[in-house]
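Peer 1: Work out the full structure, taking the sequences as your base and the hints as a guide.
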Amino acid sequence: MATSVNNTTSSSSSLIASLNAASSANGTSKTTADEMQTRFLNLLVTQLKNQDPLNPMDNNQMTTQLSQISTVSGIEKLNATMEKLLENYSGSQTMQAAAMIGKTVLTAGSGMTLTDKGAVAGMTLDGAADKVTVTIKNAAGNVVQTQQLGAHPAGTFSFAWDGKSDAGVAQAAGEYTFSVTAVRGGETVKSTSLQAGTVNAVTLASDGLSLQLGSNKSVGYSDVKQILN
Numbered sequence: 000m001a002t003s004v005n006n007t008t009s010s011s012s013s014l015i016a017s018l019n020a021a022s023s024a025n026g027t028s029k030t031t032a033d034e035m036q037t038r039f040l041n042l043l044v045t046q047l048k049n050q051d052p053l054n055p056m057d058n059n060q061m062t063t064q065l066s067q068i069s070t071v072s073g074i075e076k077l078n079a080t081m082e083k084l085l086e087n088y089s090g091s092q093t094m095q096a097a098a099m100i101g102k103t104v105l106t107a108g109s110g111m112t113l114t115d116k117g118a119v120a121g122m123t124l125d126g127a128a129d130k131v132t133v134t135i136k137n138a139a140g141n142v143v144q145t146q147q148l149g150a151h152p153a154g155t156f157s158f159a160w161d162g163k164s165d166a167g168v169a170q171a172a173g174e175y176t177f178s179v180t181a182v183r184g185g186e187t188v189k190s191t192s193l194q195a196g197t198v199n200a201v202t203l204a205s206d207g208l209s210l211q212l213g214s215n216k217s218v219g220y221s222d223v224k225q226i227l228n
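Following numbering that gives the first Met the number 0, the numbering of the sequence shown begins with 0 at its first residue and continues without gaps.
Some hints could be false.
Stated by the list, open to error - Mimicking DSS-like on lysine-lysine, the simulated pairs with C-alpha atoms at most 27 Å apart in a straight line are:
{"#": "1", "residue 1": "224", "residue 2": "102"}
{"#": "2", "residue 1": "130", "residue 2": "216"}
{"#": "3", "residue 1": "116", "residue 2": "189"}
{"#": "4", "residue 1": "163", "residue 2": "102"}
{"#": "5", "residue 1": "102", "residue 2": "116"}
{"#": "6", "residue 1": "136", "residue 2": "102"}
Stated by the list, open to error - Now the in silico label distances, taken between C-beta atoms and shown as ranges:
{"#": "7", "residue 1": "214", "residue 2": "139", "range": "14 to 22 Å"}
{"#": "8", "residue 1": "97", "residue 2": "152", "range": "30 to 38 Å"}
{"#": "9", "residue 1": "147", "residue 2": "110", "range": "20 to 28 Å"}
{"#": "10", "residue 1": "132", "residue 2": "217", "range": "17 to 25 Å"}
{"#": "11", "residue 1": "37", "residue 2": "216", "range": "50 to 58 Å"}
{"#": "12", "residue 1": "226", "residue 2": "161", "range": "16 to 24 Å"}
{"#": "13", "residue 1": "203", "residue 2": "182", "range": "40 to 48 Å"}
{"#": "14", "residue 1": "37", "residue 2": "203", "range": "32 to 40 Å"}
{"#": "15", "residue 1": "217", "residue 2": "45", "range": "56 to 64 Å"}
{"#": "16", "residue 1": "37", "residue 2": "156", "range": "16 to 24 Å"}
Derived by calculation from the structure, the hints in this document are not laboratory data. Even glycine gets a Cβ: it sits at the ideal position worked out from N, Cα and C.
Peer 2: Below, the structure written as structure tokens:
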């Protein structure tokens, strides 16, 4: 004699619980959308066959159950699609990062490396400025040059130094630092100093892509503010 399944135990939550129990019994840690849908339909058919003829399942209850399994199935398929998109994005990002090897990029920092070709650095302004001033100092902390860059809109831009002091005297190659002062109408505009570095290698780690710069500095791929060449 078939066992009757009443309306209370045949609720949508009971069916989903039955599906989870079946997965646990089979020792599987992950059930695909197709497997879950097949099990759901089998349970639903069994439920319909064994329901109480004096108190059958109404249309609203069946619609609720079908809607719930459709939602579960849809989420499973959406997750699979998102995983593929993330894999494709990661691969594309890696290719873009690899193309940056040998290029000079700007990242957060206030250092400048002077060579026989001069030096380059940059900045990001949070707002438009009427006057932007750059002060360059040597390793001893002495000011060697002050540049007036004039007015600039908000955003990121670079500037160059010819390696000479304000008096026109050539400075020795090596490491220098700089600071930025930006004002608009007498009020200070927030700025971020950016130092230049050449990308020597790209590393793929568990936390994402990182770039190895010529100064043995490692920065995240997302930390690059501008590519100069």
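Peer 1: Which numbered conditions among the earlier hints are violated in the structure presented, ordered from lowest to highest?
Peer 2: The structure breaks hints 2, 3, 10, 16; every other hint is satisfied.
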